[in-house]
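For the record, the sequence lines run as chains A, B and C. Just so you know, we're using our numbering here: the first sequence kicks off at 96 and counts up by one. Just so you know, we're using our numbering here: the second sequence kicks off at 22 and counts up by one. Just so you know, we're using our numbering here: the third sequence kicks off at 218 and counts up by one.
Just so you know, the hints here were simulated from the structure itself, not pulled from any lab data. Because the structure is a prediction, the values reported are computed rather than measured. Glycine residues also receive a C-beta, built at the ideal position from the N, C-alpha and C atoms. One or more hints might be untrue.
Computed cross-link-like contacts, DSSO-like style, restricted to lysine-lysine with a CA-CA straight-line distance of at most 30 Å [unchecked claim]:
#1 Lys220(C) / Lys150(A)
#2 Lys150(A) / Lys339(C)
#3 Lys74(B) / Lys145(B)
#4 Lys242(A) / Lys214(A)
#5 Lys181(A) / Lys220(C)
#6 Lys74(B) / Lys275(C)
#7 Lys339(C) / Lys242(A)
#8 Lys242(A) / Lys220(C)
#9 Lys333(C) / Lys181(A)
#10 Lys275(C) / Lys41(B)
#11 Lys74(B) / Lys333(C)
#12 Lys242(A) / Lys333(C)
#13 Lys245(C) / Lys275(C)
#14 Lys275(C) / Lys214(A)
#15 Lys41(B) / Lys148(B)
#16 Lys220(C) / Lys148(B)
#17 Lys333(C) / Lys150(A)
Take a look, some chain B residues computed to stay more than 10 Å from chain C by CB distance [said to hold, decoys possible]:
#18 Ser53
#19 Glu57
#20 Arg67
#21 Thr100
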Amino acid sequence: MTEFSQAEMERQLAALIGPVGEPVSMAVELGAVRRMAVAVDDFDPIHYDEAAAHKRGFRGIVAPWPLLWSWFFNCTEYHLDIEFGKATVHGQDEYEFREPLIVGDVITVTTTIMAARLKQGRTGPLGQVEAERRFTNQHGQLCAVLKTTLFRR
Amino acid sequence: MTTICFEDVEVSQDIPSLFKGPMTTAHIMRWSAAMENWHPIHFDWRFATEQHKLPDVIVNGSWKQHVMLQLVADWAGETGWLWKIRFQFRGMNVPGDTLEAWGRVVAKHDRHPFGVVDLQIGLKNQKGDDGTPGSASVVLPKRNGPAVPYPFDPRVLGPQKG
Amino acid sequence: MFKVNMVEPPVVYFEDLAEGHEFPTVTKGPMMVGHQVRWAGACDNYESEFHHDEHVAKAAGLPGILLSGPLMASLLLTTVTQWLGRDARLVRFFDQNRGATMPRDTALMNGRVKRKYLESGKAFVELDLSITNQRSEVTTPGSALAEMPRRGG
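Construct the complete structure from the given sequences, taking the supplied hints into account.
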């Protein structure tokens, strides 16, 4: 593995900061909602049954929040373009919830690298990269913000 | 896609093979998830090898059927109709296998105004193990004959000759 | 279609939750590769092979398959929505992917009310969360903020 100087690693990290790619849209599908709800053991009827969702005051069948990961993986660039280190580790997530995702909605996600810094980890230099993804529906409402911290070592 | 007429086909002719693989666990998982078939012999290596004494996690039979459907439907083309298909699961396939779906014409039946072609089909791995033998029947138009109707109804076939 | 036994969450009020209240621990698992496959299917993402391929995981120097961090956090999130009931609105959720969960591990979802407060006429609860395994190791510390309905409100 190539050895990089501290300054070079810091330069690679700093270059990441800013918007990543174009906004990408994907619809909230009924089957996807059901599959995610089953995958995360969420058996609340609002994720399966339109009448139950209406009764609870929602416009339609509600996606469980973890479905945000479907946009994360399929609509955004989540690989970090870093030369140093050998592994990227998913460190932590911070979610902010505003408007529910409803079946039939079209959700647009934008990705921005908010911060990237070099730290000293237990096993050597550690790059810490904070990415923010904002999820907006077709009405222009902000549905959720997902901040993910990745570690490069 | 090809357009094949009944007259173009000869008994003992091979149809173009379809190649898949090398198979990975991701292929198997994607299929299991799409089918919502959660049997662990398809993805839990310890379960498959220790509890079921299998050589590895195994490729879904339904996926293999689909590949053979694709083989024959591709050959029949837009103007032919894959009418019948049958399979037997005799051998397992595992990650790392490269698979060749193959077919051979074994009989022709003139069912004027259409033709029916019987095929022998199989799915062979890189070691030559033909684990999924089967057969298929395809309805083809005749040259200058009427198009095979869609939806297909077997009553449009003329009587079997000879 | 996969049959789902839907369970309507209970109604929980702000007044029902005292600071220091411990929610009943929810046990998930033993976690199996099937959970990971369902999760990968729900995210339509099969990229990180060490999450599902024993051979790839071992070749990468891991003891075996590791279940996805976001999957484990999502199970914790679902548990929170069940604890807080049908009329709570989850505002924020945080998780840290600290320790690995491997197939056949048990995951215990733990939570307590850290703080409750009123702000601009709204009622909020802050929760301290964690996932622990069968060896009592904390694999996923976390926290959440939710707006709660008020009794008679």
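Hints, one by one, checked against the model:
1. Lys220(C) / Lys150(A): holds, 22 Å
2. Lys150(A) / Lys339(C): This hinted pair holds, its Cα atoms lying about 23 Å apart.
3. Lys74(B) / Lys145(B): holds, 23 Å
4. Lys242(A) / Lys214(A): Roughly 19 Å between the alpha carbons, so the hint for Lys242(A) and Lys214(A) holds.
5. Lys181(A) / Lys220(C): violated, 43 Å
6. Lys74(B) / Lys275(C): holds, 20 Å
7. Lys339(C) / Lys242(A): Holds - the C-alpha atoms of Lys242(A) and Lys339(C) are around 25 Å apart, at most 30 Å.
8. Lys242(A) / Lys220(C): violated, 34 Å
9. Lys333(C) / Lys181(A): Violated: Lys333(C) and Lys181(A) sit about 43 Å apart, past 30 Å.
10. Lys275(C) / Lys41(B): Status holds; Cα separation ~26 Å.
11. Lys74(B) / Lys333(C): violated, 54 Å
12. Lys242(A) / Lys333(C): holds, 25 Å
13. Lys245(C) / Lys275(C): The hint holds at about 25 Å.
14. Lys275(C) / Lys214(A): holds, 28 Å
15. Lys41(B) / Lys148(B): Between Lys41(B) and Lys148(B) the Cα gap is close to 14 Å, so the pair holds against 30 Å.
16. Lys220(C) / Lys148(B): violated, 41 Å
17. Lys333(C) / Lys150(A): holds, 28 Å
18. Ser53: violated, 6 Å
19. Glu57: violated, 5 Å
20. Arg67: The claim is violated: Arg67(B) sits with its nearest Cβ about 7 Å from chain C, within 10 Å.
21. Thr100: holds, 34 Å
When the structure is compared with the earlier hints, violations turn up for hints 5, 8, 9, 11, 16, 18, 19, 20 and for no others.
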